[in-house]
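Chemist: Sequence:
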Amino acid sequence: VEQVVPILQKRGLLRTDYTGTTLREHLGLPYQNGFLEAGPAASAAVR
1 VEQVVPILQK RGLLRTDYTG TTLREHLGLP YQNGFLEAGP AASAAVR
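Quick note on numbering: the sequence shown equals residues 1 to 47 in this note's numbering.
Be aware that one or more of the hints could be misleading.
[To be verified] Restraint ranges, calculated between C-beta atoms of paired labels, are given here:
no. : residue 1 : residue 2 : range
1   : Gln3      : Asn33     : 39 to 47 Å
2   : Val5      : Asn33     : 32 to 40 Å
3   : Asn33     : Ile7      : 35 to 43 Å
4   : Val4      : Glu25     : 22 to 30 Å
5   : Val1      : Gly28     : 38 to 46 Å
6   : Pro30     : Val4      : 17 to 25 Å
7   : Asn33     : Leu8      : 30 to 38 Å
8   : Ile7      : Gln32     : 33 to 41 Å
9   : Tyr31     : Val4      : 18 to 26 Å
10  : Arg11     : Asn33     : 36 to 44 Å
11  : Pro6      : Gln32     : 34 to 42 Å
No lab work stands behind these hints, which were simulated from the structure alone.
Ideal Cβ positions, reconstructed from N, Cα and C, are used throughout, including at glycine.
Please put together the full structure from these sequences, using the hints given.
Modeler: The following block contains the structure:
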């Protein structure tokens, strides 16, 4: 691994830095305001 990772990074096949600060940003997932706003079942559970 110590020898393979630098080679892959030089070839552009493995990222060298992450662009975001959260796992969601690292994976390129869209931001959601909150999981509690997901739908009627979620809002009923909050009551």
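Chemist: Regarding Val4 and Glu25, is the given constraint of 22 to 30 Å on their beta-carbon distance met?
Modeler: Hint holds: Cβ distance 26 Å, inside 22 to 30 Å.
Chemist: Take a look at whether the Cβ-Cβ distance between Pro30 and Val4 falls inside 17 to 25 Å.
Modeler: violated, 32 Å
Chemist: Between Asn33 and Leu8, is the Cβ distance one that fits in 30 to 38 Å?
Modeler: holds, 36 Å
Chemist: Cβ-Cβ distance between Tyr31 and Val4: within 18 to 26 Å?
Modeler: Cβ of Tyr31 to Cβ of Val4: about 33 Å, so the range 18 to 26 Å is violated.
Chemist: Is 34 to 42 Å respected by the C-beta to C-beta distance linking Pro6 and Gln32?
Modeler: Roughly 36 Å apart at Cβ, these two residues keep to the hinted range, so it holds.
Chemist: Could one say that the CB atoms of Val1 and Gly28 fall in the range 38 to 46 Å?
Modeler: The hinted range 38 to 46 Å is violated for Val1 and Gly28, with Cβ atoms some 24 Å apart.
Chemist: Taking 36 to 44 Å as the stated bounds, is the beta-carbon spacing between Arg11 and Asn33 within them?
Modeler: holds, 38 Å
Chemist: I want to verify a distance hint. Is the separation of the beta carbons of Asn33 and Ile7 within 35 to 43 Å?
Modeler: Given a distance of about 41 Å, which is inside 35 to 43 Å, the answer is holds.
Chemist: 32 to 40 Å was suggested as the range; check whether the CB atoms of Val5 and Asn33 agree with it.
Modeler: holds, 36 Å
Chemist: Using the Cβ atoms, figure out if Ile7 sits within 33 to 41 Å of Gln32.
Modeler: Cβ of Ile7 to Cβ of Gln32: about 37 Å, so the range 33 to 41 Å holds.
Chemist: Between Gln3 and Asn33, does the beta-carbon spacing fit 39 to 47 Å?
Modeler: holds, 44 Å
Violated hints for the displayed structure, listed by number in ascending order: 5, 6 and 9.
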